[in-house]
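2 protein chains.
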Amino acid sequence: MVTTVEIMGIVIALLAFAYAAWLYSWVKQQPQENQTITRIGGLIQEGARAFLNRQYALLFKCALVIAIIIMLLLPTPAWQSFSIQNVFMAVSYIAGTLFSAFAGKVGIEVATIANGRSAEAAKKGIKPSFMVGFRGGAVMGMAVVGACVFGVCLVYLIFGDPQAVLCFSLGASSLALFAKVGGGIFTKTADIAADLTGKVELGIPEDDPRNPAVIADNVGDNVGDVAGMGADLFDSNVASLAAALVIAAKLDVTSGFNKNVATVFCYAALGLFASILGVMTARIGKHGNPTKALNSSTYVTTGIYAVLTALATVVFGFRWEIWAACVLGLLVGVIIGITTDYFTDDSKSPVHNCAHASHTGPAFTILSGVSYGFLSTLPAMVGTGISTLVSYKLCEGIDPTFSSEYALFGISMAAVGMLSIVGMIVSNDAYGPIVDNARGLAEMGELGDEVIDITDELDSAGNTVKAVTKGFSISAAGLTVIALLGTFMSEVNSAASELGLPLVTEFDVMDPLVFFGMLVGAAIPAVFSAMLMLGVDRNAQRMVEEIHRQFNTIPGLKEGTADPDYNRCIDIAASGAMKELIPAGGVAIISTILTGFIGGVPAIAGFLVGNILSGLLLALFMSNAGGLWDNAKKYVEAGHEGGKGSEAHKAAVVGDTVGDPFKDTAGPSINTQITVVSLIASLLSTLFLTLALFR
Amino acid sequence: MVTTVEIMGIVIALLAFAYAAWLYSWVKQQPQENQTITRIGGLIQEGARAFLNRQYALLFKCALVIAIIIMLLLPTPAWQSFSIQNVFMAVSYIAGTLFSAFAGKVGIEVATIANGRSAEAAKKGIKPSFMVGFRGGAVMGMAVVGACVFGVCLVYLIFGDPQAVLCFSLGASSLALFAKVGGGIFTKTADIAADLTGKVELGIPEDDPRNPAVIADNVGDNVGDVAGMGADLFDSNVASLAAALVIAAKLDVTSGFNKNVATVFCYAALGLFASILGVMTARIGKHGNPTKALNSSTYVTTGIYAVLTALATVVFGFRWEIWAACVLGLLVGVIIGITTDYFTDDSKSPVHNCAHASHTGPAFTILSGVSYGFLSTLPAMVGTGISTLVSYKLCEGIDPTFSSEYALFGISMAAVGMLSIVGMIVSNDAYGPIVDNARGLAEMGELGDEVIDITDELDSAGNTVKAVTKGFSISAAGLTVIALLGTFMSEVNSAASELGLPLVTEFDVMDPLVFFGMLVGAAIPAVFSAMLMLGVDRNAQRMVEEIHRQFNTIPGLKEGTADPDYNRCIDIAASGAMKELIPAGGVAIISTILTGFIGGVPAIAGFLVGNILSGLLLALFMSNAGGLWDNAKKYVEAGHEGGKGSEAHKAAVVGDTVGDPFKDTAGPSINTQITVVSLIASLLSTLFLTLALFR
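Listed in order, the protein sequences are those of chains V and S. Going by numbering that gives the first Met the number 0, the first sequence opens with residue 0, and the numbers climb by one from there. Going by numbering that gives the first Met the number 0, the second sequence opens with residue 0, and the numbers climb by one from there.
Heads up, some of the hints might be wrong.
Identical copies carry no separate label here, and so any pair may be met within one copy or between two of them.
Here are the simulated BS3-like cross-link-like pairs (lysine-lysine), alpha carbons at most 30 Å apart as the crow flies [stated by the list, open to error]:
hint, residue 1, residue 2
1, Lys198, Lys649
2, Lys347, Lys578
3, Lys643, Lys198
4, Lys557, Lys633
5, Lys291, Lys249
6, Lys27, Lys347
7, Lys649, Lys633
8, Lys123, Lys60
9, Lys60, Lys27
Just so you know, the hints here were simulated from the structure itself, not pulled from any lab data. Treat the numbers as computed from the prediction; the structure is a model and nothing was measured.
Make the full structure from the sequences, and use the hints.
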């Protein structure tokens, strides 16, 4: 049964790849005629490739070291008894990085050819331009989820061991750490440096080709928002599957009902299938509304998914409770997305109030944004809480002998459900930076006001959709790490029973080791975010210096008769991003390991809980406050509260600048930080069990 | 034994009152000659009294309602069996509000006479001016801690029931909610409105008497920083004693060692005694350094306390482990204070970096402050974690049969230890606003540059010391609420054993009810802070309108020939503060009660844990970031990075304005929110045990 379903998964993944290939060639066939756009588009593509190569080169060095450590340590320390299992683990880890890297590479390739083509298609109207942007994004969506389903099925098919999937997941997380966090630093470095020197010092427009940082800025959109976002959701998706598989595999063996693993694979594969159908049905009228088109394809996918999984449940005889938990997770995800959207939507009162507060000066823009950002955490926190509670209660009754295992399985399946339509989410998310770039290229290629207006409309739809998907993906990551907590406990007990130690049945909040861990764990996301933001700042300073150097030493640059050295700027952003991400990632990982060796398993459990709680809170706060400031600025620029150039506009720009690293660097990186830490804790549980100072 | 120690406590409290009375009359005897200072000082005093009267009037209405609810519900619902105990509880609650109100009233009275006298004393040099400020603050310190020790001893002496002390503590928290939160809104409303209309619109200096908001601004310093801070620390101190007493009383009865309650009272009384000695020994040379004088008196108090409690431990035969936990708590508190200071000290790199970042514009001031604010949470979080862990481990070995009870007792005694020198802390803290006001009065009374320089120096010392004591008091509140978690469990089990329900032995983080509670609880401090900040903003807008009205309708006001209507501004700030605090407090309380009735005892335990973790994190972040911005602005004003009037200065002012409600409204109010919620949870535990939806 498992094999059947796995093969089904692999077939659907291949289908997704085929569809992605078709979409890719379709996008490539679209006309690209404008000289400037072709040239600038080529530079962006080159820059993005350069960054990716540098990133992957460094990553594979790190990955090799980690793979060797895994081979020495997992599942049992090599000095105790070396087994072929250890090699499997290391191979799975490497596979995780490779599959995710492949998806990121595909996404970048298509995004950097779709942007120019979308700009030029806008000459023929909104519909063709939208289709290029959307199909470009869909290539990424199909590649990410296809690679995820394909990889997880393959690893499980070959090694038949859920721990191998955990290692695969850690591989994906390592890549996400580089792609999402590194990409986040890159994009904001370039953005801030370009703004500071261009708009502020020289008074030239945002996308002026005289600015040496302009290509780096456009590259940043692609490496941060396309490759980084893809790696992040690949990571969450794999982690949710890994968490579910660890528990399901144990239940298959012990509980007498052996279709749990099959359920996980089947539902994941159907999620991908539903996303393919959702992408295929996405349509926009000649004068249609792009936001509506994007959102309705999400709802269509959700509906298809619920029906397909219900059918599968009947056909294969899966548990209805698990189905319910899965669909509940998805519904709660959609609801969280919609409520979070309220706080960043430019037609709702938070954005209006923030824009209005800007009249009184930038301090009030900030205070208002921070306040609404704080408020916006409530729906997602409560929603995540409710889906945890309800999916647990739904599933604990499945089998009284294994009530807590089934309950945890229910939570993990709620996470799988929330992430099931991730193919659709990634498609919509990748659409954003493509049309954003298209807008810039339309300006640089001087395609005329009408075209720019169309690309503007598409861009604004991208921003709105992004807000929905961001709330969604943070909550999904939250639910995933809650499921990973269950995995951690399950791993600890596997290790304990092998070692003949007493089983761990609970982590009591009144246990001082747990409490100690919680306090430390809660501080880490704050420290991690702070290090990233300070890193962006340092890196931007380096780049500003380089831009000044170019303007001072290249004659004719200011007049537009000479070309700037774009590559130096890309180089600085890229190498700086890598330099700044290592210490931040290091602090998160080392504090986990230290806490584990000091306080053992209870301290680590507490650490994970504290980390999840404060991480979720800060990620939601920073992402939403950032989105709100961005839209408040756009709202003012659209002519409200005094419009462009007014004092309110200046204040709103300050808010937007603060919001940029909040929403594009620190906020979304916290997801990755939490996942990495959770996986490391699960994988090292044996060591923490045996070697801790306090036990 | 208990009675002896209680009487000792009462005697020391009376001693503290006597000393406070002597200090008060000493301050009052200091000369006050300058006409303007006398007039303005009188107006400030009147305004502060008006606010206090309004606040207390509203508070007592609320308190009456709560007292009636307590009488109906506690310890057993009146409809089940009405007992005289219920009346005791209600009376204790009312006593808690009254004692705290008394201390606040005394503090305000002395602060509003010491400010002018400190200004005039500066004509004779730094030493006499410092002594007036310090002794004025010490009156508050003695009054707060005296009232606390006196009240707790008295309530326990009369009713002999630790639950009555919990009710007393809830009374203190209710008052703190009004005084600290309401005062926080008041002070920032006035500050922001005065700045916006005065400095920004009219271009008149900060303390110009033509500004209708200027008196409200000065009143704000007193009601927020003196009365509010006093109520906050009164609240924490009583809560720590209540938490310790609940556990100690149970141990006295069950464990066979009956000196635990006596230990609590004895150590608390000796803390007060050490503070008296510390205040008495505070000295400053003729050209001495006021910061050093303030800090060294804190260290002296710490030393005296450690010695006195050690002696008492020998004499009365207390447990050394408990002594060690208590002294450890105090030491960790001092260390946390010092490390936190690093992030706000204007001679250290965070403040310098933030000031330097201001060159690039206000967005970078904000980003840098947020980053360092996040980083600054680490030492306090880890320190609190270590003191929890070590005090638990120290004390769990006292008696193997009662290991977890003694361990919890150890944690609560670490909190008592951390708060033992609170008399000294309050003295130093109250010194700040007195000399801050003195500075303003010296300017308004035109006492000359030399005098203003002296008051400036004293003011700056006040700010530095405030940073230390703030980190200290947030951590102490954190440790107290951890101890209250133990109290909650103990209360739940008392109720469970009475009702014949199974005892609760742990709160498992893997229990979905606990997890649900944690997620909701973690969101509440963010929502609470947001509501307060939005409230300040709304209230400031109202006041700005009033100021505009006065300038438009009072002829001669702008020219300085007519007086503004100061009272209207005070009135608006006061009534607005009360209006804005009710919904914020309501959300915190109602969400606690809802969570309890939905998820029962496990959900509430989770709620408290989530609340503590995110509350501590946000309180530290906001207080420290606010302090850092304040000092970065002062650093620039001292001539660095371009000095006053430069672009960097403008940016630093934006940071300071954002920081004001962070550090003076939201940040410190979170303490109170956590304590209130913890006490309500403990007191309602029986109801949650019997009436919850999920059990």
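Inset, instruction - State the violated hints by number, sorted upward, taking the hints as numbered earlier in the document. - result: When the structure is compared with the hints, numbers 5, 6, 8 and 9 turn out to be violated.
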